[in-house]
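Undergrad: Go by the hints and put chain X onto chain G.
Number of protein chains: 2
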Amino acid sequence: MYTIGIDLGGTNLRIGVFKENGELIEEQNCPTEVEKGPEYTIGIMAKAINSIKNKYQIKAVGIGAPGPLNPHEGVIIEPPNLRGWVNIPLVKILEEKTYLPVKLENDANAAALAEAKQGAGKGASSVFFITVSTGIGGGFVLDGQLVSGAQGNCGEIGNMIVNPNLDAYQGLGLNRGALEGHASGTAIGRMGQERLNITNGAQGVFQLAEQGNETAQEILDEVVNYLAIGIANIVHTVNPEIIVIGGGVMKSQDLILDPLIKKTKQYLYPSLKAVLNIKPALLDQKAGLIGAGLLPN
Amino acid sequence: MYTIGIDLGGTNLRIGVFKENGELIEEQNCPTEVEKGPEYTIGIMAKAINSIKNKYQIKAVGIGAPGPLNPHEGVIIEPPNLRGWVNIPLVKILEEKTYLPVKLENDANAAALAEAKQGAGKGASSVFFITVSTGIGGGFVLDGQLVSGAQGNCGEIGNMIVNPNLDAYQGLGLNRGALEGHASGTAIGRMGQERLNITNGAQGVFQLAEQGNETAQEILDEVVNYLAIGIANIVHTVNPEIIVIGGGVMKSQDLILDPLIKKTKQYLYPSLKAVLNIKPALLDQKAGLIGAGLLPN
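In order, the protein sequence lines correspond to chains G and X.
For the first sequence, this note's numbering begins at 81 and goes up steadily by one.
For the second sequence, this note's numbering begins at 81 and goes up steadily by one.
Since the hints were made in silico from the structure, they are not lab data.
Take the hints with a grain of salt, since some may be wrong.
Copies of one chain are not kept apart here, so a pair can be met inside one copy or by any two copies together.
[To be verified] Lysine to aspartate or glutamate pairs mimicking EDC-like chemistry, simulated, CA-CA at most 20 Å apart:
(1) K345 with D247
(2) K343 with D247
(3) K353 with E158
(4) K366 with E274
In isolation and in its complexed conformation, chain G is listed as follows (with noise of 0.2 Å):
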């Protein structure tokens, strides 16, 4: 038995189908199209799997996708990466044009698990997942399970508030002082243009910094340290035993996660300090579309 992974993103549709251990065997890749509707974008999805069917014998459908989505009742709410979808019950459509058993999980929690699985989280007890890129979200695996949460918004840390001191940034949706307003690559981006004069976003700022400008390391100082408050609120509320970070914030590796791993501890109990294992994220792209493949397991 195989099952199928999709990656539903904003810009790309990445279908791959699955040995039951996980492995990734075929993949195919095309543009989402968003601009022509959800029912021609799910066409194409349905089309897919049908074909796939008549090769492979297809136990069930996985499907990452952007939130806000609801995934225990299989529908896509109104993702601002997914424009003109809204309120889409995914699950029910897709399941009616396949006849297979179709999972949808919000596309960072579908990343989560195949970090846990496969990626930098391999082997541990417990794993919670981090993305740092245009936002921050996240997901939790315990026990090799993906905990989902009540209403499927286990990991939306990017809400999660690191100074309520600060203000709201980046869509009317985030809290004051939100870690997603204040550390996203998109955060570093605004930083940049404000502090900088700069408008060649988050990656103009890392360059100026790898120069030596003063101002650029103080953006990216604020940044690792929210980070770290970020991180150590969730290690003192589920303690996992392992983060894993990924997302392209997190590419310049010098810049940004060593000096993290160093912040975070400075806001640990002792006996959290002394086993903190921050890792960098191992699947990098291909995590969402893995993660799909594994969430009907």
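TA: For chain X alone, coordinates are given in the frame of chain G:
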């Protein structure tokens, strides 16, 4: 088959006998007499267990004790509330003295298990328990199982940073702006002393607030705000079905619980706000003992 539950507190030692369904059928209490040292108290525990063994068929013993402790190794590390207990291998000693399997957990985790199984969280798929008393602690129960944490520190939310611009208080171990330093009973008492010049602790602040004193009300508003940030951060991290709040500070329901629910909603995503479920704890002083009795199940 029965279990024995022991609530090892700094002042009182409670020992209960439980049916396998968690029903408490017999209870005995005595002072811990911590000044006589761990050997004395452990002796009393062993004697009580062996005496109960003559009457009931006992499967195992569960103990809830103040942290820090290591539940995986069964060692009490150095709790401020059990002066003189330093690196005591309690599980090993008691197993040797009683020939029964013994399980040790943090007292807040034990209370969380009790509230999830028999208290305000009964029937919920996931319960996050918070106790606001002299200190602030908590515990997380998922699908009926206590989430202990990789180092047994799940639920150590007293050290969660809710405002990094604030000071560190209440013991050197806490972070600057930690929840416990700014929202515990001790914190309320300290603010009463600083701003109202009263010395009768949190109780004094509650009394003045009830009489319409504005400064006392401001203190409580501040405390409610930090508790709300803490709860919202927990909800965005693990999205439990229900939050159960206990501890002495929560007894003033009108002054704390109702405003707290209202404030927490301000910090949640709309989909989470709509379903927020915060309930006062039901088991009160008994939670620790009942949870200890449930630990071996």
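Undergrad: All hints are to be evaluated individually against the structure, with a verdict given for each.
TA: Hints, one by one, checked against the model:
1. K345 with D247: This pair counts as between: shortest inter-copy Cα distance 18 Å, intra-copy 26 Å.
2. K343 with D247: Cα proximity of K343 and D247: across copies only (18 Å, versus 23 Å in one copy).
3. K353 with E158: Only across copies: K353 and E158 sit 16 Å apart there, 39 Å inside one copy, limit 20 Å.
4. K366 with E274: neither (34 Å within a copy, 55 Å between copies)
Against the hints set out earlier in the document, a violation occurs for number 4 only.
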